[in-house]
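Got chain A sorted already, so can you dock chain B with the ligands onto it with the hints?
2 protein chains.
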Amino acid sequence: AKKDGVQLPPPVVHYQMNNVTTSSDPIGNRETVLILTPMVKFYQEYWDNLLKLNYPHELISLGFILPKSQEGNDATAALQEQVKKTQSGPKKKRFASITILRQDTELPLRSQAEGDRHKLENQKPRRAAMAKARNSLLFTTIGPKTSWVLWLDADIVESPPTLIQDLASHNKPIIVPNCFQRYFDKEENRMAVRPYDFNSWQDSLTAEDLASKMGPDEILLEGYKEIPTYRSLMAYMADDAKGRDPHKEMPLDGVGGTALLVKAEVHRDGAMFPPFAFYHLIETEGFAKMARRLGWKSTGLPNYFVYHYNE
Amino acid sequence: AKKDGVQLPPPVVHYQMNNVTTSSDPIGNRETVLILTPMVKFYQEYWDNLLKLNYPHELISLGFILPKSQEGNDATAALQEQVKKTQSGPKKKRFASITILRQDTELPLRSQAEGDRHKLENQKPRRAAMAKARNSLLFTTIGPKTSWVLWLDADIVESPPTLIQDLASHNKPIIVPNCFQRYFDKEENRMAVRPYDFNSWQDSLTAEDLASKMGPDEILLEGYKEIPTYRSLMAYMADDAKGRDPHKEMPLDGVGGTALLVKAEVHRDGAMFPPFAFYHLIETEGFAKMARRLGWKSTGLPNYFVYHYNE
Ligand SMILES: Nc1nc2c(ncn2[C@@H]2O[C@H](COP(=O)(O)OP(=O)(O)O)[C@@H](O)[C@H]2O)c(=O)[nH]1
Ligand SMILES: Nc1nc2c(ncn2[C@@H]2O[C@H](COP(=O)(O)OP(=O)(O)O)[C@@H](O)[C@H]2O)c(=O)[nH]1
Ligand SMILES: [Mn+2]
Ligand SMILES: [Mn+2]
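Chains A and B supply the protein sequences, listed in that same order.
The number in my numbering is simply the position in the first sequence, starting from 1, with 3 added.
The number in my numbering is simply the position in the second sequence, starting from 1, with 3 added.
Same shape as in the complex, but just chain A:
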């Protein structure tokens, strides 16, 4: 309402979707990025790494979704504290906007320990729940002015500060770096790295054959010796030579979601994270397949690294 009591008509917003670009020069074109993070635990290292991203923060919006469990309450409190600090700190570090969603459904698994999370029989309900969380977060935060969506897991604790620009420079609809993990190598008595995310792969005839024999609701999982798929995993294709090209590309059929840059129009077309068996794939792997059905291809960067927390 205006001061003199005359009511202003409520806002009408008008968008030309083709004015929203996604290009290899996102900063030059002032393209907005929506960083989406499903979160069960809050890691300070994640937040610190996020703050170090040197893509202009005024072009970045953040979205989080947390379960309504006790663990989710604790993580929300910790997250809100950091959000408050950042958004009242130096102007350059502040983000354009931040949305925090609390889920209305319970987690299907009680234990969030790495060993339990990765048990084969726990994968389908667990990844279906994560897919629904991702979809809720995506559907409620993506707007008509969003150019890019960066999926970033809450336990990604290290990445180049130029992550967004580097990935966007390839100008691909869907692009995924290689997710590794630092650990202490007892034999060598020093820190080392190992592959962490096995969801980025190129399909194999074995996997296609296995899938063709499955029931309609069965899913094929990667990284379990009980069912070898002989897919080509990006995790194993990293070049450890000094002069390696970090911008080397490879086509992918499945993608992981620990860090994943997607042109917003791919999601707008309808590509989401299937919480059900979609071509015997689920969640981020199913997303790559669904995007492919919509005409969008996935690309991997085997020599470009982000790092997952080590419990």
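In case anyone wonders, no lab produced these hints; they're calculated from the structure.
One or more of the hints may lead you astray.
Claimed, not checked - Calculated lysine-lysine pairs in the DSS-like style (CA-CA distance at most 27 Å, straight line): (1) B/LYS216 / A/LYS216; (2) A/LYS216 / A/LYS122; (3) A/LYS127 / B/LYS300; (4) B/LYS148 / A/LYS87; (5) B/LYS71 / A/LYS300; (6) A/LYS148 / B/LYS300; (7) A/LYS55 / A/LYS87; (8) A/LYS94 / A/LYS55; (9) A/LYS148 / B/LYS148; (10) A/LYS189 / A/LYS228; (11) B/LYS300 / B/LYS216; (12) B/LYS44 / B/LYS96; (13) B/LYS300 / A/LYS71; (14) B/LYS148 / A/LYS71; (15) B/LYS148 / B/LYS96; (16) B/LYS127 / B/LYS228; (17) B/LYS251 / B/LYS300; (18) B/LYS95 / B/LYS71; (19) B/LYS148 / A/LYS44; (20) A/LYS122 / A/LYS71; (21) A/LYS148 / B/LYS44; (22) B/LYS127 / A/LYS300; (23) A/LYS96 / A/LYS55; (24) B/LYS87 / B/LYS148; (25) A/LYS148 / B/LYS71; (26) B/LYS88 / B/LYS122; (27) A/LYS251 / A/LYS216.
Claimed, not checked - Simulated restraints, written as ranges between beta carbons of each label pair: (28) B/LYS300 / A/ASP119: 30 to 36 Å; (29) B/THR24 / A/ILE230: 41 to 47 Å; (30) B/GLU221 / A/PHE187: 50 to 56 Å; (31) A/ARG120 / B/SER235: 43 to 49 Å; (32) A/GLN85 / B/LYS122: 41 to 47 Å; (33) A/ASP51 / B/ASN22: 29 to 35 Å; (34) A/LYS88 / B/GLN168: 44 to 50 Å.
Backbone N, C-alpha and C fix where the C-beta goes; we use that ideal spot for every residue, glycine too.
Showing chain B with the ligands alone in chain A's frame:
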């Protein structure tokens, strides 16, 4: 920025998703409704009917998506004129917010005449384009506070003013009225009604059998005598007796989108309009199947009518 030059921190919005209810008493619970309309042509009768909906307008947001063709430009201009009029008119008639999107892709078909639109060979590209338009509109307008989504085609020119309350009173995840059309019956020399939308149906063994023999990208369409499916069509199940029960329900496997009420959480879970063959179904029919895979069932109201424009 505040007057004294001190910058306020950008907004942080925090949502408890379980505080957003969808109930059989949506007005009592102040539940928000998002009415979404893909639009190629503007019909004054559509707008007049929309204004007559007596669900509290301050709880209703509107979203439109129009193609960037000449026809789309004309419709946008006509729509904007009416929007301006309504939003500066009596307070009670104004809507909470209005979003108008212009597509970034061209229409696949040049002619929008009813005869051309309904030709069998035009259906797949046409309905894929409409599915993408629906997804873009949905993904960019649904928010964390949306309770219900009412899909309403731009050529629905007549419905009960209590449409939203009536459909919501069934408290179903997905519910669809019967879409008819008024016409002049020359033989009887008077106005009459006939079924219009054939996309609301219960599946048949014949259709399942036809689907099982199709290639992965083929789709099964309803209402074409070239491929009889023997599905049970809601269009033919209307009771024309005076004392009929307008609230009679029937379970559905496919739904039409001319008028369609969906609990927002169904869409948030990931149910969208597949622009590709999904179980040999596409667009709104594919949506019903996808929702079903997510655990949500569809309901039809054979004796509750809305009316489609007659060219
Ligand atoms: N909101 C929400 N986040 C989840 C849920 N399950 C996992 N996450 C988050 O989703 C991301 C991936 O899950 P995580 O357990 O780390 O997967 P893993 O590293 O592949 O074992 C992390 O950011 C988790 O915090 C869930 O049910 N709800
Ligand atoms: N934005 C947009 N709207 C469309 C497109 N095609 C159809 N529509 C609208 O979608 C709705 C359904 O299309 P219509 O041609 O009426 O379908 P029919 O009644 O089943 O023949 C109507 O509201 C149309 O105005 C499209 O490509 N883009
Ligand atoms: Mn993780
Ligand atoms: Mn129509």
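Hints not upheld, ascending by number
6, 18, 26, 27 and 32
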